[in-house]
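**Student:** The residues making up each chain are set out below.
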Amino acid sequence: MGKNSKDKRDMYYRKAKEQGFRARSAFKLLQLNDDFHFLDDPNLKRVVDLCAAPGSWSQVLSQKLFDGKTAEEIKDRKIVAVDLQPMSPINHVTTLQADITHPKTLKRILDLFGNEKADFVCSDGAPDVTGLHDLDEYVQQQLIMSALQLTACILKKGGIFVAKIFRGRDIDMLYSQLGYLFDKVVCAKPKSSRGTSLEAFIVCIGYNPPSDWVSTLDVNSSVEEFFSGCHMSKLSIHDKLPSWQEDERTIAKFMSCGNLESFDSDATYHLDDFKEDLNTSLDPVQSPTNPPYKKALELKRSGKLTRAV
Amino acid sequence: MKELAHYGPSLCVKFFKDFVVAGYGPFVQIYDYHNGKLLNKCRVFRKNKVHGLSINESGQLLAYGARSVTIVKFDHLITQVSLVDNEKMTTEWITSGEFNYRGDQVYLLTCYNKVFVCDLTGEILSRKTLQGERSILYSGSIKEFSPEKVYISAGTVMGGVLIWDLFLETKLYNLVGHEGSIFYATISDNGRYITSCSDDRSIKLWNLQTGEELCTGWGHTARIWNLKFFNNDTQLISVSEDNTCRVWDILQDEGNGNTSLTLSQIYEVHLIKNVWGVDIQEKDMVAVTSGNDGRLKLTKIQDTKTMNAQEVSFSLEDISTHSVIKFSKGEIIKGFQKFEFGLIAITSLGKIIQYFECDNLWKLLLVSENLVSYSVTHGIMEHNIVTFSNNKSDALLLKLSQDGRDIIAKKFMHLDELSKTNNCLVTKFDATTLMLTLESPNPRDKFICLQFDLETLSLKKKFAFAKPENFASSCLEVFENYILVGSRFSSIAIFDTLNIEHPAYMIRRISAGDTTTNIKFVETKGHTHLFSVTNRDGFYNFVALSYQNQTHQIIHSNNIVKGFLEGAYFNDNGEYITYGFKSNLFYIYNETNCYEIASQVCGGGHRQWKLTTLPDGGYMLVYIKAARLYMRKIPQSLFPQTLEEGMHGREIRDITILKDKRYHDDGFIFCTASEDTTIKVCHFNESTGKVTNHWTERKHVSGLQRCKFINGKYMISSSAREELFLWEINDDYKLHPFITIRQTLPASSDNPDLRIMDFDAIFLEHSDNFIISTVYSDSSVKLWYYNTDENKFHLLVKGRYQTCCILNTALIIFHDKLYLLIATTTGYLVTYDVTDHIPFGINETKNKLIDNKLETCCVDLPASSLSLRVHQSGIKAIDVFKDEHNDSFKIYSCGDDNAMAITLFKFDEMKRELNNTIVSSEPNSAASTVTSCNVFDNGRKLLSTSVDQVVKVWDVSNNHLTLQEEKYTTIADTGASDTVSGRDDSTLFLIGGIGFSVWKTD
Ligand SMILES: C[S@@+](CC[C@H](N)C(=O)[O-])C[C@H]1O[C@@H](n2cnc3c(N)ncnc32)[C@H](O)[C@@H]1O
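Line by line, the protein sequences are chains A and B. Residue numbers are given in our numbering: position 258 of the first sequence equals residue 244, and the series is strictly consecutive. Take any residue in the second sequence, note its place counting from 1, add 1, and you have its number in our numbering.
A couple of the hints might just be wrong.
As the list claims (entries may be wrong) - Once the Cα atoms are required to be at most 20 Å apart in a straight line, the calculated EDC-like pairs of lysine to aspartate or glutamate come out as:
#1 Lys89/B with Glu234/A
#2 Lys226/A with Glu124/B
#3 Lys226/A with Asp86/B
#4 Lys239/A with Glu923/B
#5 Lys286/A with Glu269/B
#6 Lys226/A with Asp120/B
#7 Lys281/A with Glu180/B
#8 Lys274/B with Glu597/B
#9 Lys462/B with Glu502/B
#10 Lys968/B with Asp233/A
#11 Lys281/A with Glu214/B
#12 Lys968/B with Glu232/A
#13 Lys290/A with Glu269/B
#14 Lys461/B with Asp417/B
#15 Lys274/B with Asp122/A
#16 Lys226/A with Asp105/B
#17 Lys634/B with Asp304/B
#18 Lys280/A with Glu180/B
#19 Lys526/B with Asp666/B
#20 Lys226/A with Glu99/B
#21 Lys290/A with Asp250/B
#22 Lys421/B with Asp446/B
#23 Lys799/B with Asp258/A
#24 Lys89/B with Glu211/A
What the hints assert, rightly or not - If you want the ones that stay clear, here's a sample from chain B, every Cβ over 12 Å from chain A, calculated:
#25 Ser189
#26 Ile333
#27 Ser394
#28 Asp454
#29 Asp515
Just so you know, these hints were derived from the structure itself, not from any lab. What you are looking at is a predicted structure, and each value in this text was computed from that prediction instead of being measured. Glycine is no exception: its CB is placed at the ideal position from the N, C-alpha and C atoms.
Extracted from the complex, chain A is given alone in its bound form (with noise of 0.2 Å):
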């Protein structure tokens, strides 16, 4: 198969391409924004992209924030992004490379914020799958909690917070969570996104945090001791190890995102579906990534790898 066959199969990947975005996962931000309008706010002029790599939410924040503005609207605007993976750079964006789940990142994204509050937080966090569902939800939501971890810090009341979720079996429970402060939870699923992954987006609306609560950040405790304190049932700790009792859960209303034009991201195209020409092919926007075990994939094409010992 080449290089045309994917752009057939997936026509967000092709769209990416066109539009110089450097993952197909843009125009599930731009879906999202769709229904929400949340990037069009005059207001929105401090943000985080938690998660961001390689970089296209950037890219939409970038041009949402910047493209087309003028120097006095810009002059307090700010971007952060922050992934494990390096970034390459992007206008108007400050990246970090750093692990999320660990406090001490947290203490360094504040320190970039100086004392202001940001608008916005979004986080399209995904783990590592390790193939064991309970444990990649589980790693998912401890991003997302990171993330929320963040935000408790960093977010003005009233702002918005939007994070990928794997819709696998805890994710009532998540939501339960969020419930304690936002004043709206949504589970929005973009067309972009496969109908056939647990992907989908929390849109967390109004944030409104118990008034009896009062975060801080000490980089000597977890995420979990964090919330303990606020009405999160789960995140308190006893002297003795409780018993097994029901996780408090609530169901989020669903939503499809995305106008009527957009592509089903499940479906395959023709070529007489569009009016340009899908075979001249477009050459990747992203330059072939770095993975771990690129060594083991040498050794592998190698022929080192094989059986026989």
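Based on the hints, put chain B with the ligand in the right spot on chain A.
**Tutor:** Using the frame of chain A, we list chain B with the ligand on its own:
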């Protein structure tokens, strides 16, 4: 509803005394590994899976998984069915847990690098952390050296392994060198080493005293999940996402003191993809592994010493130094035959030599001038008979005494009627005779079969059969009075010894591939005899032969995973065992349950070799490699090979039950279609839920989408790359049900890239002919007619809905019309009236079509007659119920939007048209995608499964979705279900995803 049986990922496994203790979903299962018996299955957690186990000497067991933890007595675990009342919770995911040495406390390491020290009641005695290092961990382990000295190894997501002292709460090292997340790290008992593995697929060994990196081991082709030191910390065993477990030797160079990790053994132990748990019982040197496929596998770890003791090899020089036999320069071994006493071989100079195993001696038996340069060697082991033939139409038969020391009979024959011979085959014919066949390259020459007495070697009878066209003998089987000869071109010739004049009955082109390598009689039913036939190119088939009627039918077809297939047979348990070569290995494989029994590096297929089954159940592989004769004993395992067979290693995407009749009177046959590209044919017992695997069909090359029995005989499966196969099942035989492909649906292009998402079929009256609708990922909708006699699909209707992907389809006869329904990724239910587009009439009472003997032709899909948005996004599954009483039909649907709905279709007599309305919908019917629904109990109930792992039964009797019962399932990615009526008004549910369960209603 209750669960009768469950098969699915097992994440951890341990030896304890004579037991194997495995975490199996939320259960702990205990086996006696000597006999393979499951002793008890005890539920320890309500929902969470058991991810780790620790057992101490005094018989206490610690189990943990996600945030759950429990400490129970082994005695209770082995006697009780549930200990969930003891389940405790922590605030964070537990990464590792161990007892302390005294056995009165446990250490629990969480994924945030915190350790709870608890007493056995769960009282937290202290909490320890490493200051400033509280990021998330994928792995970790705990090593207690003394009550004061406990080390924690913690694997971070940034490639570092943190080693810290628990009580001092100080960091010893942050070991850097790996790339990517660390998936496991552990410290050796002797305190010398740390070993770790990461996303970079390597294993590293570190010096615990200095923190320096000692060496790296490469070999695994995917991620490594677990590591364990054994054999006094001189070896490591690793398990991986690449289905293998590997043994590594830790070698110390005497000279420079360098340490190295050398890969010494590889065992392919599980199905794709993951092996999660491993432990070793050093007393017996046996490893147990657990995998995503739900299998628990025992593997004898071969040490080089015993391995060497099980193999002898000789060059001709070796033989001559060990005996008085002298060989000439350039003389080589041309053939051999294994016997109980040892072996007989022949050289290129006609020297027949004998090896005596008991005293490791070689002896010259005789020299035959006739057998110089070209010879073919065979024999019959249990009768101590060896046969030789050459290319000059000579045959020599020798019978030896029991101990092999004396020749007790000898027969030499020359056949005048053959100008030349190029092949000879031998088999035992009946209780007293053997059959030897000789073939000449000349097509006009007869095919000669000689029947000899097993005692005296006297010629009993000579048969000269006319040779069929395109015939070149390659293997031999006899049955009653018939001689079955396998040939090139994937053919078999059957000769009748009672009717020599009768031309051979030929079965040609049984499968793709060329040489037929092995034919084995399986069983007889009436006048039909069943044979297993293998082909070197990897195909195997079962041929039902009725010689009397001169007919045959291929009732089963499949191919092996990879490599060359040299033969196959059924073992005493009725499991199909295959053997052959792959790359440079010889393998023996349990095809029924899909695991390797043994493998031997031998250089590959192009060599002289013979596999013999030994009386004790083991094997002897004799082969020649680089002019050396090797005799490799593969002993019978002292333990069962598996404790649990398991099923698929990846997601089950669809399940279909053959509902028309019971199998063996106690259950049903069903098929599962998986992401792993295979279809399994199994049956389950309806009272115990126990699943028996029969076949794993490998015809699809892409991940499966659907499989469905469309009647009692046909099953259809579909997948990406536009693959759709029509299968025929046959359950007439005792040993197994059999299944074969009858036809393949034509694809729309040479390089198909569409997925066939779903299909539905309706039959014609009084026949097995049917029409089938197929829906595609590019929005295509097609309708086909399949004619059984012609064995052909005819396209009747084709068109496209829009551009979105279509996920489901149904064909419905209603008010003398045929409706084709589709359900889309955009949430629409769209109905087409195709009555006038098919060349068939409609018999509504029978729900069948009438063959009007009209011509078939292909027309365009008409405009849709109804279109209704029922869901916000993709409709994952639909089921149809025709309500005869209320003159309506209903579509039950479920979707990605967490919703379920009932859409009612009625016929408006006034307007003479169909209309539909959503009569019930439940937007929050689950917390996430609802993946399957099945109507049962005559339209009164609906079963649903969803990705939040809840199985629900809804009362739908009054067109309203009323939740009746719900229950958690341990199956992640829950995505497939089917139902069948059981005995006493119960209904049985089969539920699949990552794992498989059998449930029963109360
Ligand atoms: C789906 S990608 C994000 C794509 C990005 N939004 C874009 O549009 O290009 C998920 C990212 O999460 C990052 N990630 C996972 N775990 C992380 C962690 N603990 N800290 C920071 N980044 C993390 C991964 O490195 C990966 O780059």
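**Student:** Against this structure, judge whether each hint is valid.
**Tutor:** Do the hints match the structure? See the list:
1. Lys89/B with Glu234/A: holds, 17 Å
2. Lys226/A with Glu124/B: Within the cut-off at roughly 4 Å; holds.
3. Lys226/A with Asp86/B: holds, 15 Å
4. Lys239/A with Glu923/B: The hint holds at about 12 Å.
5. Lys286/A with Glu269/B: Cα-Cα ~18 Å, so holds.
6. Lys226/A with Asp120/B: holds, 10 Å
7. Lys281/A with Glu180/B: holds, 10 Å
8. Lys274/B with Glu597/B: holds, 15 Å
9. Lys462/B with Glu502/B: It holds: about 15 Å lies between the C-alpha atoms, which stays within 20 Å.
10. Lys968/B with Asp233/A: holds, 15 Å
11. Lys281/A with Glu214/B: OK: Lys281/A and Glu214/B at ~18 Å, within 20 Å.
12. Lys968/B with Glu232/A: holds, 13 Å
13. Lys290/A with Glu269/B: holds, 18 Å
14. Lys461/B with Asp417/B: It holds: about 18 Å lies between the C-alpha atoms, which stays within 20 Å.
15. Lys274/B with Asp122/A: Status holds; Cα separation ~16 Å.
16. Lys226/A with Asp105/B: holds, 16 Å
17. Lys634/B with Asp304/B: Cα-Cα ~14 Å, so holds.
18. Lys280/A with Glu180/B: holds, 9 Å
19. Lys526/B with Asp666/B: holds, 18 Å
20. Lys226/A with Glu99/B: This hinted pair holds, its Cα atoms lying about 18 Å apart.
21. Lys290/A with Asp250/B: Distance of about 18 Å is within 20 Å: holds.
22. Lys421/B with Asp446/B: holds, 9 Å
23. Lys799/B with Asp258/A: holds, 17 Å
24. Lys89/B with Glu211/A: holds, 19 Å
25. Ser189: holds, 23 Å
26. Ile333: For Ile333/B, whose nearest Cβ neighbour in chain A is about 25 Å away, the distance exceeds 12 Å, so it holds.
27. Ser394: holds, 42 Å
28. Asp454: Fine: 46 Å to the nearest Cβ keeps Asp454/B off the interface.
29. Asp515: holds, 25 Å
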